[in-house]
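Student: Listed below, chain by chain, are the residues.
There are 2 protein chains.
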Amino acid sequence: MSAQATGAFATRSKALEKIEGLSIVGGKAVGPCPKVDQFFAEDPCSGRAIGVEYHAATDADIDSAASGAWSAFASFGQSSGEERAVLLERIAQNITDLGPSLLEIAGRETGLSVTRLRAERERTTSTMLLFAHVVRQGDWVHATIDRGAPARRPAPKPDLRSMLRPLGPVAVFGASNFPLAYSTGGGDTASALAAACPVVVKGHPLHPGTGELVARAICDAVAQCSMDPGVFAYLHSGGRRERAIGARLVRHQSIRAVGFTGSVGGGMALDRMASERDDPIPVFAEMGSTNPVFICPSSMEKNAERIAERVAGSMTNAVGQMCTCPGLVFVCESDASDRFAKSLMNHLSDRMPETMLGRRVSDAFGKRLNETTRVEHVRLLGGSVPAAGSKSALRKAEGAPALFMTDLKTFIHNPTLQVETFGPSAIVVNCRGEQELRDGAAAILGSLTASIWGDEYDGRLIKNLASALEQRVGRLVFNGAPTGVEVCTSMVHGGPYPASNQPHTTAVGPRALERWRRVVCFQNAPKDLLPPELQDENPLMIRRLVDGRSTEGALDAA
Amino acid sequence: MSAQATGAFATRSKALEKIEGLSIVGGKAVGPCPKVDQFFAEDPCSGRAIGVEYHAATDADIDSAASGAWSAFASFGQSSGEERAVLLERIAQNITDLGPSLLEIAGRETGLSVTRLRAERERTTSTMLLFAHVVRQGDWVHATIDRGAPARRPAPKPDLRSMLRPLGPVAVFGASNFPLAYSTGGGDTASALAAACPVVVKGHPLHPGTGELVARAICDAVAQCSMDPGVFAYLHSGGRRERAIGARLVRHQSIRAVGFTGSVGGGMALDRMASERDDPIPVFAEMGSTNPVFICPSSMEKNAERIAERVAGSMTNAVGQMCTCPGLVFVCESDASDRFAKSLMNHLSDRMPETMLGRRVSDAFGKRLNETTRVEHVRLLGGSVPAAGSKSALRKAEGAPALFMTDLKTFIHNPTLQVETFGPSAIVVNCRGEQELRDGAAAILGSLTASIWGDEYDGRLIKNLASALEQRVGRLVFNGAPTGVEVCTSMVHGGPYPASNQPHTTAVGPRALERWRRVVCFQNAPKDLLPPELQDENPLMIRRLVDGRSTEGALDAA
Chain G
1 MSAQATGAFA TRSKALEKIE GLSIVGGKAV GPCPKVDQFF AEDPCSGRAI
51 GVEYHAATDA DIDSAASGAW SAFASFGQSS GEERAVLLER IAQNITDLGP
101 SLLEIAGRET GLSVTRLRAE RERTTSTMLL FAHVVRQGDW VHATIDRGAP
151 ARRPAPKPDL RSMLRPLGPV AVFGASNFPL AYSTGGGDTA SALAAACPVV
201 VKGHPLHPGT GELVARAICD AVAQCSMDPG VFAYLHSGGR RERAIGARLV
251 RHQSIRAVGF TGSVGGGMAL DRMASERDDP IPVFAEMGST NPVFICPSSM
301 EKNAERIAER VAGSMTNAVG QMCTCPGLVF VCESDASDRF AKSLMNHLSD
351 RMPETMLGRR VSDAFGKRLN ETTRVEHVRL LGGSVPAAGS KSALRKAEGA
401 PALFMTDLKT FIHNPTLQVE TFGPSAIVVN CRGEQELRDG AAAILGSLTA
451 SIWGDEYDGR LIKNLASALE QRVGRLVFNG APTGVEVCTS MVHGGPYPAS
501 NQPHTTAVGP RALERWRRVV CFQNAPKDLL PPELQDENPL MIRRLVDGRS
551 TEGALDAA
Chain C
1 MSAQATGAFA TRSKALEKIE GLSIVGGKAV GPCPKVDQFF AEDPCSGRAI
51 GVEYHAATDA DIDSAASGAW SAFASFGQSS GEERAVLLER IAQNITDLGP
101 SLLEIAGRET GLSVTRLRAE RERTTSTMLL FAHVVRQGDW VHATIDRGAP
151 ARRPAPKPDL RSMLRPLGPV AVFGASNFPL AYSTGGGDTA SALAAACPVV
201 VKGHPLHPGT GELVARAICD AVAQCSMDPG VFAYLHSGGR RERAIGARLV
251 RHQSIRAVGF TGSVGGGMAL DRMASERDDP IPVFAEMGST NPVFICPSSM
301 EKNAERIAER VAGSMTNAVG QMCTCPGLVF VCESDASDRF AKSLMNHLSD
351 RMPETMLGRR VSDAFGKRLN ETTRVEHVRL LGGSVPAAGS KSALRKAEGA
401 PALFMTDLKT FIHNPTLQVE TFGPSAIVVN CRGEQELRDG AAAILGSLTA
451 SIWGDEYDGR LIKNLASALE QRVGRLVFNG APTGVEVCTS MVHGGPYPAS
501 NQPHTTAVGP RALERWRRVV CFQNAPKDLL PPELQDENPL MIRRLVDGRS
551 TEGALDAA
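Chains G and C supply the protein sequences, listed in that same order. The opening residue of the first sequence carries number 1 in our numbering; numbering runs sequentially from there. The opening residue of the second sequence carries number 1 in our numbering; numbering runs sequentially from there.
One or more hints might be untrue.
Just so you know, same-sequence chains aren't split out, so a pair can sit in one copy or run between any two.
Straight-line alpha carbon distances no greater than 20 Å define the calculated SDA-like cross-link-like pairs of lysine to any residue that follow [unchecked claim]:
1) K463 x Q535
2) K527 x M541
3) K463 x P532
4) K527 x Q38
5) K463 x S226
6) K396 x G47
7) K18 x P150
8) K409 x L545
9) K463 x F478
10) K302 x G433
11) K302 x I412
12) K409 x R374
13) K14 x D59
14) K35 x D407
15) K157 x R123
16) K463 x A74
17) K14 x S113
18) K28 x C45
19) K157 x F478
20) K14 x A49
21) K18 x R240
Simulated from the structure, these hints should not be mistaken for lab results. In this text, all values refer to a predicted model and were calculated from it rather than measured experimentally.
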């Protein structure tokens, strides 16, 4: 049963007919409730509503999703790594099985190309499979055992065993820019499920149809694995109730942690809400990042054009709508840096305006370009800035690249230049000599990445830049572009504020699972109350630290 | 040179003559500055000033300590685990070498017994030695390597290597109740130094002489190891400037993290200050904890008296001035629970008032007892409550045990009963049946510990309690007392708010080092820029995760 299309601009397709516009709670579509707000997805290429009416989740839906997640936690929290590995593999398969319908709907809702979305789907499922591998293998829980010594004097030494234990239900707020990889079935959901935490997703209003299809694939997997349907729920969210839905979810007593990918304002608002609860819960928010690039003089002298090409490619990747797009480029002023700037400008000016994710994104981009333009001593090198206050023409969501230039002093004295501009835009910061380049590195705020271009003749400078930047970022890239976040164990996708609110964590890679767990110590616990990971026999054959030594064996009876 | 004793109540001793009353910055005593505030330590047994005048740190002292720490970080942050192990061992030796003077001064300032202080000194030095072992061994940094595949299509796979890297200078705010083990040279300082982070200690005004002696022992060790004197600084803090000193330190741009042990109010104030910086920094605050005890019916039936003895001992340990003293005892109302309450009362009523750490502690204890008394349906079972608003008699700092009783409904509806009472006091919460016992477990706020007394006939109930309590505490104790925090790898001394503001961390054990580090990823880094832990050859022979597999070997050239 598909909801009726309404409105003059509504468009239809066979794929759309699969969408009901309803939240999924307890494994079933809920509603529609005649009294709640409805909203539409929009095609950012045309500004037209896409022909499905979405029903924003009611308060009852939210409560039921959160309480259901809490009930499910009783069993899911005790599930084995093997059981969850099978669930994740099943989800990956079900998402793949959605086939072209998923790509079609995601493309219509976000304006992203099918090629990009196919790669993103692959990234989503390979993340699921990596996490499945990690929890099946089992070492990740940091099991640690210190055996007791009841005869010790003056006080007996207790038997102490600790490991990461799951927090409970997690609320996930996905990102606009990755409708698959950082949204309904993205990294936060995958890592929380892998960590044995039920998930309630607050759907993103810029891609509700995509969200619903993925949610159904996940719910199907939960059912196929005969797990409690409360393990996963999806709440449509949009229109006037959008904020209220998020707030109610974060404040619900059954929700024990929050994952968020999006703006600094949004992330910090959730962080505040969560910390004002009677029982504060952790929020893991991945937010804004300028991803500064530092180009050392020798490297610039030899490779100005090549670096410009790489920076331009990274800036305009997905119309600059990546968390890791470079927004600041620090150079030492010279003939070579002039060549670099010209070359960068040429690469960018080839580009026509392109469709952005939605009007709220393109409007925000235009607003930021205007804010940048208004700073004294900031010069627009190339590209165009929409007239202040203008909204996207013809209701389309479009953005064209813009390149600015300024000096270090201006950069340092204008905090607005350190705010992320989400879209294809960068500021070249001209430094007078190497010391200013180092001062620039010491002045940047937290960021997901920083990049250094340098060669053997830039030796000491690279070292100085690297140690300053290490303090400020999650990932330090050498002679490369910051976009392209590899999903692997050593990846760090995080960083000090404003890149994230929890600089000790990462949102990508298996370490992301640790966000949804907390180390708990069991003192003199009866054998039958210990999780398998901590039992004498080491039935899962995982690597543990026993009396300070790493071992995969059982406890010897000594 | 010792400062002159002043004031009518001043007392002297040979040990006191070793104390100058001056902060230590850059390895040297600074001041005295005639314009700053002075303050005295007080003997809590008499309320008299102890005969040394302390000079509260000036703004210049604070700035110089913080900047010196930042300068020192350039070298100390790059030091080897071996170098820091030697430093920690040297500090332990120097603290031991302070001999009876340290115990005498600590005893006079805190009223704690020499036996207790000797054990605490042993705990302090053994923590140093454990951390020395951990950083010398080197595995703790979670080194992870994913080798690149330049030929991969469509995009080359980068070489990615990550590990925990140090945050920079740490400000440490010690606790009143452990003048050695959680103060100047306590767990926060030891773990920060072990993690390669310079430390600036804000001295505790209840034991400034102890602080100064320990600080000097640490500074001597830094000098003996030929390290930058900025690695450690100590700021005297007390009198009217106490808060201002802490605030300036936390807001200083060179300070990159904060460790705190103390009250919820104090910890959260620092947390807010740190998060309001332009570049927010993490605060790790260990705060208030009620350490609830749950006694199952079968165990109560058989062991009421024995459990009462253990609970009484744990409650009154160090006059109830331990973070892990039990403040709530949940029982199923029965004849056995009556026997338990009577027995507990008998143990407590044997006790005379004892000296507490200082008047601010005993006054706060009296205030909390009054707040508890005022709650309707809370009954004082035994002990005495000082008249409301009364201050410690004769300027002495004293506290006597108090035992209250209430029912579950009253407990649940009066949040004040979940606030820690720092001192020898507990509330017995009478539950009507096992379900109410479980409801009690589900109602408690975050705590460092919870304890369950149960035997094989309490089987399912224990399991239910354990899974509810696991959600709320850092350490779950079975059939034992919560006091007595073992320093070992599997210890967790932390928990959800209000036990700490960072529930994912522990303040005790080697995992405490991870608070002062953050995982940083190096992408395609030139060999000579990689820390030894991430180099191909694995020169430190540490355990690493290479391409997802745990190994202690070098990277093979394959």
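Student: Each hint should be assessed against the structure and marked as holding or not.
Tutor: Hint check:
{"no.": "1", "hint": "K463 x Q535", "result": "between (47 Å within a copy, 16 Å between copies)"}
{"no.": "2", "hint": "K527 x M541", "result": "within (17 Å within a copy, 35 Å between copies)"}
{"no.": "3", "hint": "K463 x P532", "result": "between (46 Å within a copy, 15 Å between copies)"}
{"no.": "4", "hint": "K527 x Q38", "result": "neither (53 Å within a copy, 57 Å between copies)"}
{"no.": "5", "hint": "K463 x S226", "result": "neither (54 Å within a copy, 24 Å between copies)"}
{"no.": "6", "hint": "K396 x G47", "result": "within (5 Å within a copy, 76 Å between copies)"}
{"no.": "7", "hint": "K18 x P150", "result": "neither (64 Å within a copy, 41 Å between copies)"}
{"no.": "8", "hint": "K409 x L545", "result": "neither (51 Å within a copy, 43 Å between copies)"}
{"no.": "9", "hint": "K463 x F478", "result": "within (11 Å within a copy, 52 Å between copies)"}
{"no.": "10", "hint": "K302 x G433", "result": "within (17 Å within a copy, 80 Å between copies)"}
{"no.": "11", "hint": "K302 x I412", "result": "neither (28 Å within a copy, 71 Å between copies)"}
{"no.": "12", "hint": "K409 x R374", "result": "within (16 Å within a copy, 61 Å between copies)"}
{"no.": "13", "hint": "K14 x D59", "result": "neither (31 Å within a copy, 71 Å between copies)"}
{"no.": "14", "hint": "K35 x D407", "result": "neither (56 Å within a copy, 43 Å between copies)"}
{"no.": "15", "hint": "K157 x R123", "result": "between (48 Å within a copy, 14 Å between copies)"}
{"no.": "16", "hint": "K463 x A74", "result": "between (51 Å within a copy, 12 Å between copies)"}
{"no.": "17", "hint": "K14 x S113", "result": "within (19 Å within a copy, 81 Å between copies)"}
{"no.": "18", "hint": "K28 x C45", "result": "neither (32 Å within a copy, 68 Å between copies)"}
{"no.": "19", "hint": "K157 x F478", "result": "between (49 Å within a copy, 14 Å between copies)"}
{"no.": "20", "hint": "K14 x A49", "result": "within (16 Å within a copy, 85 Å between copies)"}
{"no.": "21", "hint": "K18 x R240", "result": "neither (25 Å within a copy, 69 Å between copies)"}
Of the numbered hints given earlier, the model fails hints 4, 5, 7, 8, 11, 13, 14, 18 and 21; all others are met.
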